[in-house]
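Chains as they are written, first to last, in our numbering: chain A, 1 to 177; chain B, 178 to 311.
No lab work stands behind these hints: they were computed from the structure. This structure is a prediction, so every number in the text was calculated from the model and none was measured. Even for Gly, the Cβ is constructed at its ideal location relative to N, Cα and C. There are no misleading hints in this set.
Now the in silico label distances, taken between C-beta atoms and shown as ranges:
#1 295/B / 128/A: 30 to 40 Å
#2 93/A / 290/B: 21 to 31 Å
#3 67/A / 234/B: 55 to 65 Å
#4 152/A / 234/B: 17 to 27 Å
#5 235/B / 85/A: 46 to 56 Å
#6 43/A / 233/B: 36 to 46 Å
#7 234/B / 85/A: 48 to 58 Å
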Amino acid sequence: MSILEKSILYILEHQPDNEIAILRLAKYLYLSDYIYAKTFGDTKSFTGTYSRYKNGPVPVKFYEALDKLYSAGMAVRVGNTIKLNQTIQLNGFSEKEKACMEKVMADFARKSLSKVLEAAYSTEPMVEIIEQEQSIGETLFWKTIDFHKIEKHPLMNLNDVDTSFLDSEEYKSSIDE
Amino acid sequence: MNRLRSIKVGVCSNGPVVLSFASSSEYKFVVSICNFDKFKDEKLICCKTTSKTEKVFPGEFILDDLFGRGKSKVQPYNVCRIHKNDISNHRYIGTLDDIHLNSFEQGIKIAIKKNYFTYTEMLNVLDSWQPFFS
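Just chain A, with the same shape it has in the complex (with noise of 0.2 Å):
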């Protein structure tokens, strides 16, 4: 099972009565990925490429990989959302994948799909895009999301951060116990 599949997975299975809207689906895993480009700095999203579709980014395998659950029993197509029908252990994962992955559930729970369409739309690959589509007035459908125009966090610049003070012992005696 590809990471995709069971990114996919992993999401339905933090959904409320296990289900989620397609396209609400389709944008989680980006800003998941998103958010871990930002933040890790690994521009090679753990669930594949994602290509400019007609509302923002999905992934180039998304219907493929929602094909083979169909498939495999694990997942059911309920009108336009998609429901877990069967639910497995799912390995393969970093804490990193889960921990954005997790965030990005949080924080738009309660969020309109137009509020994460927004976020897609707001991502430094769409905006690029988005500014090219209006200088040549037509929209790029297809067109690769470029994940190295994702800027890294500026708090996670970190090459020049000495931390070797902290296990001096000037430094333990400043600390209250």
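Fit chain B to the given chain A structure using the hints.
Below, chain B alone, put in the same frame as chain A:
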């Protein structure tokens, strides 16, 4: 004897603010470094302060005469967690100026580099400092 002191600094939409309260006779104050609303588990990550102000290490900063009790040194990477119930009655006392804010930011970087936060906490701290989404 040095007594543990702390102040609460909550990060609001306009940056870190000092929320403080002398919670007990022990003069315990805490500096928090995250937006409380971001925490599902209703816990704040907090930075401790100390009255040992002789040496200021990278990321630390001194607040003068906090609540009339003299100088307090804020140690952003000396972290602890407190529950929502622990912060009742705390009051806003001000914002960090640019000098203190820069030190605070440096302190947070040190805490991140030393893995003092869980990944969930770290993401919330980052989001409180500069939101991921506009």
